[in-house]
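Chemist: Each chain, written out:
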Amino acid sequence: MKIRPGRVVLHVFLATTCLVTLAPLLWALYASLRTYDDTNRNGYFSWAENLTLENFGNAWTQADLPHYYLNTLLITVPALVLVLLLSSMVAYGVSRFSFKFNIALLMLFTAGNLLPQQVVVTPLYRLYLLIELPDWMSESGLLLDSQLGLVLIHVAFQSGFCVFVLSNYMKTIPHELGEAARVDGAGVFRQYWQVILPLCRPALAALATLEFTWIYNDFLWALVLIQTGDKMPITSALQNLKGTFFTDNNLMAAGSLLVALPTLVVFFVLQRQFVGGLTLGSTKG
Amino acid sequence: MSGVTVVQDKAFGGTDPGGAAASPPPRRRTRRRATALPSGDKLVLALMLGVPSLVHVLFVWVPSLGSVALSFSSWDGIGGFEDIEWVGFQNYVDIFTRYPRFWPALQHNLIWLAFLLVVPTVAGLLLAVLLDRQLRFGRLYQSALYLPMVLSLALVGFIWQLIYQPEQGLLNNLLGTAETNPTNWLGDPDINLYAVLVAAAWRHTGYIMLLYLAGLKSVDPALKEAAALDGANAFQTFTRVTFPVLKPVNIVVLVVTVIEALRAFDIVYVVNKGRNGLELLSVLVTDNIIGESSRIGWGSALAVILLLISLGFIITYLFQVFRKEERA
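Protein chains in written order, with our numbering: chain A, 206 to 490; chain B, 20 to 347.
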């Protein structure tokens, strides 16, 4: 193969850009692999005396990270399932039937998704103070400071984006498919559940990947709506853990990377879905 | 799957009766659907549409309108609704004239917006153009550049603190100023906004690149060939042919960036709770809920100002997206 100078310059430029992009993460990784003694004596900008995974173990146990991972899991999974279910139902309604209010409804959801959270948050906080729940659902007796409350706002807020993406996707499915099922006597719910929804698998997979990342990464909702530090999901808990448990930078770096780990894994395993989801809808929640 | 972004219009166009291939079915559809639904199906559909809409309206739109209503009140949150005192535009007047943190916060939000509109957009577009070709390691480069996108802004704040620390941080050590005259990147109110913005732009660039890359893939290669045949060089082809075709993507990028800039909160909260040079409107709103002051009306008025700024862009976007739809 012939080497073209233009290509070489291009590769050098792109490789350098990638390296600069990854530098902050690599720097955090490097710090996390060093001991406190080492960096204390030699500073962070030095060659490591030895590398160890100790910090990761310490961050894991000292800050009780499994507890916060579990909190996140209990919020993310129900929110994810519910938002996909509810959004796909609305998308089905507006994309397969010609109601007069279709466009208005779609606009409502799409615009809702674009609102800054701060516009919603103050009255939402008051609303959550008003709604009472039985004790078995929430220790506080209120929607405020309950995991259900967080799930609900994630579902409500993210459904804007999902309805928009799914309705666009469903419009590309031929109408004849629903017709055929209807002629065979299937009601609208069966048409939705057994015909349309299975055909939406690629879009649902892409949305699930994206929504997982966004709900996992949420900071504001949990910060405002959860008041007991113990109930915080992991992204918001990091703020409290800093200084209390993560006493040095090395430990802090290890803790940060552990928190980033699930989203990084999802990104590496499901990158195609992640990228596909963003280009599918293109407005971010 | 990729490419749909840019061609949202096309996706809608698929059901557009004006579209050549799709004209006969939609006309039939409109007439038949409306009448032929059995009542059981009607009830099911009403529930399928109603329940999610109710959730969305109750938890997103009711609070948003609540912000507007409460912004005309003076309420410290104690007592019931009957204790709310209505004060008209007093909150707004006070915010504009007597609140020292407001103008800096608004200015920071606008700087945030301008910075995000320029730096990640130019960088993202450049990288997308460079990567939009058959290139060895192309996928690898893309993955590396997308990576920061999956991290939360809160986490970005934590990771970049390791870079910006005065004595131990990577940046000052690379610049050689760590021992002699370390710059306090996050502590100095004159520069910390820009330091944080670099970190935010780091995360935003990959997203912009992704949007443009999808847009570029949908540009018809025949257009570029025709331009080349007419003697256009690569730069002319880009500015005269490719870029105009990317108009829908530009609008998406604009809206995404505006929303991102107005929502910015996590990263400054993580760095120093949004003080000392990092005030943002979002921080001022949140301070009235979880901060020391609990002035609901006041916080709501700030939120409404945020809403008014974003509304113009939201409406532009809706208009762009649903224009085709309305005609259908």
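I should point out that these hints are in silico values taken from the structure, not numbers from a laboratory. Any given hint could be a false lead.
Simulated pairs of lysine-lysine, BS3-like, Cα-Cα distance not exceeding 25 Å [claimed, not checked]:
#1 B:Lys-61 with A:Lys-376
#2 B:Lys-236 with A:Lys-376
#3 B:Lys-243 with B:Lys-292
#4 B:Lys-292 with A:Lys-447
#5 B:Lys-266 with B:Lys-292
#6 A:Lys-376 with B:Lys-292
#7 B:Lys-292 with A:Lys-305
#8 A:Lys-376 with A:Lys-305
Label-pair restraints from in silico Cβ distances [unchecked claim]:
#9 A:Val-213 with B:Gly-206: 38 to 44 Å
#10 B:Leu-330 with A:Leu-278: 35 to 41 Å
#11 A:Pro-403 with B:Leu-77: 26 to 32 Å
#12 A:Arg-477 with B:Pro-208: 52 to 58 Å
#13 B:Arg-158 with A:Gly-392: 42 to 48 Å
None of the values given here were measured: they were computed from a predicted structure. Using N, Cα and C, we set each Cβ at its ideal position, and we do this for glycine too.
Chemist: Take the hints in turn and mark each one as holding or not.
Modeler: Now for the hints, and whether the structure bears them out:
no. : hint                                 : verdict
1   : B:Lys-61 with A:Lys-376              : holds, 20 Å
2   : B:Lys-236 with A:Lys-376             : holds, 22 Å
3   : B:Lys-243 with B:Lys-292             : violated, 50 Å
4   : B:Lys-292 with A:Lys-447             : holds, 13 Å
5   : B:Lys-266 with B:Lys-292             : violated, 38 Å
6   : A:Lys-376 with B:Lys-292             : violated, 45 Å
7   : B:Lys-292 with A:Lys-305             : violated, 47 Å
8   : A:Lys-376 with A:Lys-305             : holds, 17 Å
9   : A:Val-213 with B:Gly-206: 38 to 44 Å : holds, 42 Å
10  : B:Leu-330 with A:Leu-278: 35 to 41 Å : holds, 36 Å
11  : A:Pro-403 with B:Leu-77: 26 to 32 Å  : holds, 30 Å
12  : A:Arg-477 with B:Pro-208: 52 to 58 Å : violated, 43 Å
13  : B:Arg-158 with A:Gly-392: 42 to 48 Å : holds, 45 Å
In summary, the numbered hints that this structure violates are 3, 5, 6, 7, 12.
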